[in-house]
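Novice: Residues per chain are reported as follows:
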Amino acid sequence: MRRPVTRHKLFLAASALAVTLTGCSSPASREGMIPPDLAIGTYFPHSLGIQTGGGASTGAMDTSNISDEDLKAAIEEAVIQNKLFKSIVQGKGGDYELSVRLTTLSKPILGGTISVEMEMAWSLTKAADRSVVMRKSVKSSASKTMGDAFAFVTRLRLAVEAATRDNIGQGLKAIAELKL
Amino acid sequence: MRERLLRQIKQPFTPFGIVLIFRHSNAEGIILKKLLKLFAILGVVASITSGCAVNRATGSVDPSADLSALKTMYVKRIPEETGGTNVLIADKLRSKGIVVTTGTEPPPSNVDAVVTYIDRWMWDITMYMLELTITIRDPKTDFPLATGNSFHTSLTRLSPQEMVNEVVDNIYKGSK
Numbered sequence: 018m019r020r021p022v023t024r025h026k027l028f029l030a031a032s033a034l035a036v037t038l039t040g041c042s043s044p045a046s047r048e049g050m051i052p053p054d055l056a057i058g059t060y061f062p063h064s065l066g067i068q069t070g071g072g073a074s075t076g077a078m079d080t081s082n083i084s085d086e087d088l089k090a091a092i093e094e095a096v097i098q099n100k101l102f103k104s105i106v107q108g109k110g111g112d113y114e115l116s117v118r119l120t121t122l123s124k125p126i127l128g129g130t131i132s133v134e135m136e137m138a139w140s141l142t143k144a145a146d147r148s149v150v151m152r153k154s155v156k157s158s159a160s161k162t163m164g165d166a167f168a169f170v171t172r173l174r175l176a177v178e179a180a181t182r183d184n185i186g187q188g189l190k191a192i193a194e195l196k197l
Numbered sequence: 055m056r057e058r059l060l061r062q063i064k065q066p067f068t069p070f071g072i073v074l075i076f077r078h079s080n081a082e083g084i085i086l087k088k089l090l091k092l093f094a095i096l097g098v099v100a101s102i103t104s105g106c107a108v109n110r111a112t113g114s115v116d117p118s119a120d121l122s123a124l125k126t127m128y129v130k131r132i133p134e135e136t137g138g139t140n141v142l143i144a145d146k147l148r149s150k151g152i153v154v155t156t157g158t159e160p161p162p163s164n165v166d167a168v169v170t171y172i173d174r175w176m177w178d179i180t181m182y183m184l185e186l187t188i189t190i191r192d193p194k195t196d197f198p199l200a201t202g203n204s205f206h207t208s209l210t211r212l213s214p215q216e217m218v219n220e221v222v223d224n225i226y227k228g229s230k
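Going line by line, the protein sequences match chains F and Y.
Residues in the first sequence are numbered from 18 upward in steps of one, following the numbering used here.
Residues in the second sequence are numbered from 55 upward in steps of one, following the numbering used here.
A few of these clues could be false.
[Unchecked claim] As a list, the in silico DSBU-like pairs of lysine-lysine whose alpha-carbon atoms are at most 35 Å apart:
1. Lys124(F) to Lys146(Y)
2. Lys143(F) to Lys109(F)
3. Lys190(F) to Lys130(Y)
Calculated directly from the structure, the hints in this document are not laboratory data.
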């Protein structure tokens, strides 16, 4: 009587493992990527259009990625919260156009303490004469330990979100130093 | 004791009840056995269909960059890299009419762009390139003018040459 029970337990464990592996990956959330108050203290009386690129969706068995839409929403929200520009416009038609592209996102496949490294290309163009007023490579990183989250996929997502928050913070601070 | 056992069988969702189903209730045990088999099959199908084949290929160019104006490039080889990925990238860029040099030394001052890359390898029966990121940078500021990335897991693995071709083609697809 004991042997079938063991086999069933193995089936159950295998199923649970498969479901866990395939169903737990989640993309970096837009809320998690918004940096806290940056204390910028700069206000530009211009409108801003934002476009993002280089991101990717997160597949079921993939690890946390950043989608272009969520990155765009997080940057927009950070600009609004910090009152950096007068308004945000969708598409063309803004006084300035900000392009933010994710160029590198290095993530581990396994590990206890997870370290994520990221690079984004920030460029700001004046729409009226197409002059480039800023081009900057912004690098950021973040580490998360077992104390932050026990599940690997959650720990990785938190690390990706933390690195993105830092990157957005650095990018907006660089813009705030410009004379527009 | 017998009455207590029967009460537990009627409450199959308690942990003790589930154990009792295996040991004392043949009919319910068969149902549970079938359910477990179903879960196992679903798990395997999910793993095969979604888990083992992750494919991603992206390419993006900064709106302020003009790739057609970049006529000379330098592919900076990662010093510890011995797979020849830098040579594959250089050859692919040459096929697009660009004059390309490659090496580990600092880039020459007269090039229009510096190309960097990150390749990740994985073992599954044999070694294969899991991910490749290629970045075309401004030689003066290190600003990433364009980037491409390809990620293919074991079942849909590509050769290093195919990975390079896919990434470079995706970068130039995104240019104006």
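Novice: State for each hint whether it applies.
Specialist: Structure-based check of each hint:
1. Lys124(F) to Lys146(Y): holds (27 Å)
2. Lys143(F) to Lys109(F): holds (12 Å)
3. Lys190(F) to Lys130(Y): holds (31 Å)
Consistency with the previously given hints is maintained throughout, with no hint failing.
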